[in-house]
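Asker: The residues making up each chain are set out below.
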Amino acid sequence: MSSEEQHISYFANSHWNLCCKQATYLLLKKEELTKLSFKDETSLKFHMAICKFCKAFKKQSALMNQMISETVLASQSNLSDAEKDKLKLLINSGLNEN
Amino acid sequence: METPVIKNNAKLAPEKWVDNYADYLFSYAISRISKEEEARDLVQDTFLSALKAKDSFKGAASEKTWLVSILKRKVIDRYRKNAVRKETSFEESDTYKVAYSHYFTEEGFIPGEWQKQARPQQWNATDGKIEQGEFRKILAACLDKLPKAWSAVFSMKHLEEESSETICKELEISPSNYWVIIHRAKLQMRECLEKNWFKA
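Residue numbers (the working numbering), protein chains in the order written: chain D, 1 to 98; chain Y, 1 to 200.
Careful, some of the hints might be misleading.
[As the list claims (entries may be wrong)] Cut-off 27 Å, straight-line C-alpha distance, at most; resulting in silico cross-link-like pairs (DSS-like, lysine-lysine):
#1 D:Lys86 / Y:Lys116
#2 Y:Lys54 / D:Lys84
#3 D:Lys84 / Y:Lys116
#4 Y:Lys74 / D:Lys52
#5 D:Lys84 / Y:Lys74
[What the hints assert, rightly or not] If you want the ones that stay clear, here's a sample from chain D, every Cβ over 10 Å from chain Y, calculated:
#6 Lys29
#7 Phe38
#8 Lys84
Worth flagging that the hints you see were computed from the coordinates, not collected in a lab. Glycine residues also receive a C-beta, built at the ideal position from the N, C-alpha and C atoms.
Based on the sequences and whatever the hints tell you, model everything.
Answerer: Here it is as structure tokens:
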């Protein structure tokens, strides 16, 4: 466990009320794992109910994830004809070697 | 990726690869690597590796899927190289590494609260359709400002959409380290995108 993780979980283990640093950390963990321990889950829910900044963070994080994966999927770039000719030459000479 | 399996037809047609797949592979590479020259090199390397390995192609997947899997491997290797190459020196040399204390208070009545300047702001609503090209440029610029190891983790998670297990294994990091990097990289990316995209 790194010292930073220790720092975060130290607080998480000793209090039911999280600070924003721990809450955002747990939010991101939840994004991926979808489920946290009962205690983390409960204290996160409590924090989210009262903290508008972490609420905004949660929404923004989800929006970022969505926009990034859409951007990756929509990626469309073409190689120039000159680049393609170079690649063709390379492949042909590779084929002839064998 | 849903690609029909080609049966009884385990034939490759390397002479048609460039016409059929070069743009697709280049788009794939550039969306993940973002540096044009590196992306071009990766496409070239993919074709060369594929040529070398063409006897091992069994036709279990389509030609395209097979080529993409070779490219994907190369992209991940690139992330790993970037992450590991800098590891010994990145602590001191990465001026871009933003400290936790930039985002959260360390003292005061309740430590760990959002710093005033780091609080998430109201974002301008994007009307569903985003200008992909522009957003990608800003995304790439923000990624570029992350420490290399963080950028590798972030890219593998959000661009390659790999699981945390795979990422930890490929980049040789512990799970607890992984979560801290995800947290810090997200904080930094959020702030960067807020400044350059959502508030711009």
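Asker: Quick one: which hint numbers does this structure break? Sort them smallest to largest.
Answerer: 1, 3, 4, 6 and 8
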